[in-house]
Structures are given as structure tokens and as C-alpha cells.
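Those protein sequences? They're chains A and B, same order as listed. Sequential numbering of the first sequence, starting at 0, is according to numbering that gives the first Met the number 0. Sequential numbering of the second sequence, starting at 0, is according to numbering that gives the first Met the number 0.
Heads up, some of the hints might be wrong.
Said to hold, decoys possible - Derived DSS-like pairs (lysine-lysine); straight-line CA-CA distance at most 25 Å:
| no. | chain 1 | residue 1 | chain 2 | residue 2 |
| --- | --- | --- | --- | --- |
| 1 | A | 7 | A | 41 |
| 2 | B | 65 | B | 23 |
| 3 | A | 7 | A | 47 |
| 4 | A | 41 | B | 84 |
| 5 | A | 47 | A | 8 |
| 6 | B | 143 | B | 125 |
| 7 | A | 51 | A | 8 |
| 8 | A | 41 | A | 8 |
| 9 | B | 84 | B | 121 |
| 10 | A | 25 | B | 65 |
| 11 | A | 25 | A | 47 |
| 12 | B | 84 | A | 8 |
| 13 | B | 65 | A | 41 |
| 14 | A | 41 | B | 125 |
| 15 | A | 7 | B | 84 |
| 16 | A | 25 | A | 7 |
| 17 | B | 118 | B | 142 |
| 18 | B | 84 | B | 143 |
As the list claims (entries may be wrong) - Listing some non-contacts, in silico: residues in chain A with all C-beta distances to chain B over 12 Å:
| no. | residue |
| --- | --- |
| 19 | 0 |
| 20 | 12 |
| 21 | 13 |
| 22 | 14 |
| 23 | 16 |
| 24 | 18 |
| 25 | 36 |
| 26 | 46 |
| 27 | 48 |
| 28 | 49 |
| 29 | 51 |
| 30 | 53 |
| 31 | 54 |
Since the hints were made in silico from the structure, they are not lab data. The beta carbon of each residue, even a glycine, is placed where N, CA and C say it ideally should be.
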Amino acid sequence: MELIVNGKKLDVREGGSITALLDELKINPLRVAVQLNLEIIKRERYGKTVLKAGDRLEIITFMAGGAE
Amino acid sequence: MEKSDVLTFAGRQFRSRLIVGTGKYPDYRSMQRAHDASGAEIVTVAVRRVNLDRNQESLLDYIDTKRYTLLPNTAGCYTAEEAIKTAILAREVGLSDLVKLEVIGDQRTLFPDNEELLKATKVLVKEGFVVLPYTNDDPVMAKKLEDAGAAAVMPLGAPIGSGLGIRNPYNIRIILETARVPVIVDAGVGTASDAAIAMELGCDGVLMNTGIAGAKDPVAMAEAMRHAVLAGRLAYLAGRIPRKLYATASSPLEGMIE
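Pulled out of the complex, with its shape left as it was, chain B reads as follows (with noise of 0.2 Å):
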């Protein structure tokens, strides 16, 4: 593999394709053991209240802001003010203009509101944010996000937490051939076959939090993300050979004992 064959986005480089969460993890240390086993170099963070009784660890003090590239998101917002509202704050935290852009349209699946999303973007993207948007699989949808200045288009595989992988590689396909910012799936890998397909595909990178934190061994799980993102990768770029519904032998027909 090319040692060029980087992530790029928003005038950034990333040797690792796999971006990974913080949320639902045991503990605080099997996170910060599963992000180092991973690989990944861009973690996603919620925006919340500080956590006003003092004894309560900080979830900064197991991120290495150093090592790690922050990546915010906008869970928990229903509108486009709501995420917005939520964007500003986390920028003036002052350790990442990046969002990940979620706006919730609901509640069980999670699916993005697309129309408050796109507004979300616009205002965000005019406010000089690298906005990230996380979407579903409409190649429309992603193309009006890309136009609107998102710096990533990121569709979901499958319902967030839901672990049913890439429910529809077609559409994105479909997207991978007009999108000209990275493509990024996002939500529902469940294993590392997920992750390995969305990179045959051809998408830039893949995220996922639950498919790794809720694991049984979360942290084995990210070394498994790791290789399944980088196989994926290879296998992508080393151009698969053609499905055919017959077989065609490897052996010579000449030269066969009689």
C-alpha cells in the first residue's frame, strides 16, 4: 500500500481510516486501552454538562489530546438550533473545530432529520466549522450536504447500535461514484466483516462506537476493527477480481495424468 494512501479532509491528513467513539465503554481505561488498540487518530466526544460533584473523573484525562484529534458531536439534538447551539459550545471548549453533525429525527432508529441537518450545515459550514454531517444512504441527500460545504459525507450502515452492518451497499456505491469529499460510513458496524466491507466499497473511512464499546472484549474487538479497516482498504485498492456465476478453473487443462 502507497504510504500516501491517507484520510483527507478539511486540509487534514489521517494515516488511520477508523474513527472511533467514547461512549458505552465499562470503564474509562478499557476505552482508552480499546482507542490505542484501534488505531484510530480521530475520537468522537459528546457535549454535555460538566458533572458538578468533584470526585467524578474527567473523560479528558484518558484522551490524549495530543495523540488524538477531538471530533464533537451533536447527540442528543432534535433540531437544527438545538445542534448548532451545541456546535458553538463545543468550539469554544477550544480543542476542536471539527463536528461530527448529528441531528436526530427519531427516537428508536436515530435517523438523521435530514432538512434540519442540511439547515445545520449551511449555518455551521458559514460559521467556519468543519462540519462532518452524519446521514443515511440518500446519494441526493449527500450530494445536496456536500454542496452545502460539508468537509465529509457520512452515511450510516444501519440503525446506530444496531450492529446490522451495511444494509445497503448500492446506495453507496451510488454515493462513492459523485461524492467529491471523503465518504465516511457511520453507525451500525457490528464486526469487523462490517468495517472490511464498507472499505471494499471503496469509502474513505468508516465510524463506530458501539460495535466496538459494547464488544465482549472491547478492547480485542478494536484490534479487530484495525486490521478489518486496513484489509478492507487493501483489498479495495488491489481491485477484487469479477463475480461470475460459473467457475473457471485455476488449473492448466494441459499436461493431466491420464
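Just chain A, with the same shape it has in the complex (with noise of 0.2 Å):
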């Protein structure tokens, strides 16, 4: 199914969770924000949150920088 996650079209295993995401993105859960569909989701749902064909998601992380 196809999510778009950080702005990119991405094709993943139908019915899998956000933790199956990220562990195929090769993401430290530890080190990232999630939101789905305008919705922040707490880390401790990862696992029990199933992921839709079309659901949006942004995955964020501490990055190097300041001002910009």
C-alpha cells in the first residue's frame, strides 16, 4: 500500500504498524516524533497503531541546525 511519509510516496506491507515503519526505515523509535494524519502518536502506541493506504505521516528528529 502506498503511505506518504515526510512529504515522499512510499510503498510498504499492507496492515503493518508504525514500529514495522520504522523498523523497516531502519528508525531509532527512541529518536523520533510520529504523526499521523495531523495526529501526534505516542511512542507506547507505535506497535498497536495499524497503518492505512493513503495515511500521511511525519516522522521527526533532532537535527543539526539553528536558525534558518
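Using the hints, build the complex out of the two chains.
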């Protein structure tokens, strides 16, 4: 199914959770915040939140930088 | 210097009065070495989308979160709403409840939009954030931010990255006279003496990024800044001599050789 992750189209397995997605993308769940369709998802719910086709995710972390 | 001369805000204590950033370094390794050389205990970070390219190195691989306190900033935000959203996401990462609140009013100067900044400060304070707002050197604004619950006020010395130093020391002194929270100069520091001057005025700390990251030798400059902040603080505590128009001789006038 197709998701939109950080503004980019991504094809993933059907029925996967946020945990599965982070795992597939090799993203450490302890270093990110996740927003699913404008709602922030608490970390303890990553495993229980199943993604659907067309879901928009923002996976946020800390990057180098300051004033831009 | 007293062992107890620490920077305190929101119930936390820091021995170093220098806060550094993570942007504009040539690479992560030199950033890490510069952080080490600076003696800083607080490091600012930006809040951004994860880079989905799996081969990218991660910033957090180069910052020991047991050693450094992370201070997420809301760089790139032009409205209170954007800054609030960014701060909330930053807190969700779970590594810090501090926020360096930046709400920018103008792209060229990167001066703060104080109206939006104050709005965002009030909301974030209510949400339990420790808010450190980047503002200008307006004492009236500084008071409003303090009254709104900011844990410190951070007046700019000069535009971000400009290296112009402390352009209005008089306003900063006025802010220092009435502030009941720490005053940390944020932005504009270009070289060591700028940082020393900020501390000599009586500021509680200095925050800088470009001054170090953009130097020809960031690691050496980080070390210089460490000394500058220490020297400026010591000089402030030592109590300087007054400025006088005329000389006052240091040597006695008796016993002169004829």
C-alpha cells in the first residue's frame, strides 16, 4: 500500500504498524516523534497503530541546525 | 570564583555559561570536538523530518545525551502556531522538555516577531515547557516574556550569524537591572571578546552557534569561547575599575629620584 512519509510516497506492506514502518526504514523509535494524519502518536502506541493506504506520516527528529 | 557560581533556570543547574549549537559545522566529527572544547553542557538542535536515506549519519550519534542537555529550537518558524507545533513534536521525541523558542519576523535579519513570540511563550509555558525565548534587546519585551513565564530571556547581541557582537550593551544592561530570570545573550557573537563583553555586562550566559561553527578552526574557537565566557564572568564578579577621562597614577609621588 502507498503511504506518504515526510512528504514522499512510500510503498509498504499492507497492515503494518508504525513500529513495523520504523523498523523497515531503520529508524530508532527512541529518537523520533511521529505524527499520523495530523495527530501525534505516543510512542507506546506505535506497535498498536496499524497504517492504512493513503496515511500521511511525519517522522520528526533532532537535526543539526539553528536559525534558518 | 565561588564553586557555587552556576547558571540556574527551571530548577536545573549548569556550571558552564556557554550554550552552543549544532548547525553549519563542516562535519559531525568537528562539531563533536568543538562541543567538547567549549565546555558547554547545553546544545541546541533543530527539529526536522528524519532523512529517509538510510545511509545518512544521525546527529544524535555525535551528541552524548548523558553528557549534554539538548535544547531543541523552533528555528524556521514564522508564526506562534508553527513554533508551538514544533515544540510539541520536539518534546514528543522524549529527550528534552526545554525549548529555545524562535519565532522569526523577517527572513533577512532573522529578527524575532515579538508579538507571535509572546503568544507562543504563553501557550508553551501553560503546556509545561521550559521556555527560553530568543528576543531582541527591548527591556519592555523582556519583561513581558518573563511575566509570561519564560525560564530565561535571550536578547540578541546582533543578527544571527552576523558576528557583529553586542550592538546595544546599554539596553542589555537595562534588561539585566530588572530581570528576575537569567539573561542569556543569544546571537551575534563573532569572536571571543564579544562573549567576554556579554559576561562583563552581567549576563548569565551566552548562546552562540555560527561564531564557533563558522570559524576557520571551530575547535580552537570553541576553546577560545570557553575561556572568554569564564574570563568575562570572573571580571564581572571581580568588580571592574570605573572608566575615567583622566589618568590616575599608580605609583606613589613621594620618594621620587631627583
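How the hints compare with the structure:
1. 7/A with 41/A: The given pair, whose Cα atoms are some 22 Å apart, holds under the 25 Å limit.
2. 65/B with 23/B: OK: residue 65/B and residue 23/B at ~23 Å, within 25 Å.
3. 7/A with 47/A: Roughly 23 Å between the alpha carbons, so the hint for residue 7/A and residue 47/A holds.
4. 41/A with 84/B: holds, 15 Å
5. 47/A with 8/A: holds, 23 Å
6. 143/B with 125/B: With a Cα-Cα distance of about 15 Å, the restraint between residue 143/B and residue 125/B holds, given a limit of 25 Å.
7. 51/A with 8/A: holds, 13 Å
8. 41/A with 8/A: Within the cut-off at roughly 23 Å; holds.
9. 84/B with 121/B: holds, 14 Å
10. 25/A with 65/B: Between residue 25/A and residue 65/B the Cα gap is close to 23 Å, so the pair holds against 25 Å.
11. 25/A with 47/A: Between residue 25/A and residue 47/A the Cα gap is close to 19 Å, so the pair holds against 25 Å.
12. 84/B with 8/A: holds, 23 Å
13. 65/B with 41/A: Holds, because 23 Å separates the two Cα atoms, which is no more than 25 Å.
14. 41/A with 125/B: holds, 20 Å
15. 7/A with 84/B: Roughly 21 Å between the alpha carbons, so the hint for residue 7/A and residue 84/B holds.
16. 25/A with 7/A: holds, 16 Å
17. 118/B with 142/B: Roughly 14 Å separates the two Cα atoms, so the pair holds.
18. 84/B with 143/B: holds, 22 Å
19. 0: Its Cβ never comes within 12 Å of chain B, the nearest being 17 Å, so this holds.
20. 12: Holds: least Cβ distance 17 Å, greater than 12 Å.
21. 13: The claim stands: residue 13/A keeps its Cβ more than 12 Å from every Cβ of chain B (closest is about 20 Å).
22. 14: Correct as stated: the minimum Cβ-Cβ distance to chain B is 21 Å, above 12 Å.
23. 16: holds, 17 Å
24. 18: holds, 15 Å
25. 36: holds, 14 Å
26. 46: Residue 46/A clear of chain B: closest Cβ-Cβ about 16 Å, beyond 12 Å.
27. 48: holds, 14 Å
28. 49: Given a closest Cβ separation of 20 Å, the condition holds.
29. 51: holds, 20 Å
30. 53: Holds, since 18 Å exceeds 12 Å.
31. 54: Holds, because the least Cβ-Cβ distance between residue 54/A and chain B comes to about 15 Å, which exceeds 12 Å.
In summary, the structure agrees with every hint in the numbered list given earlier.
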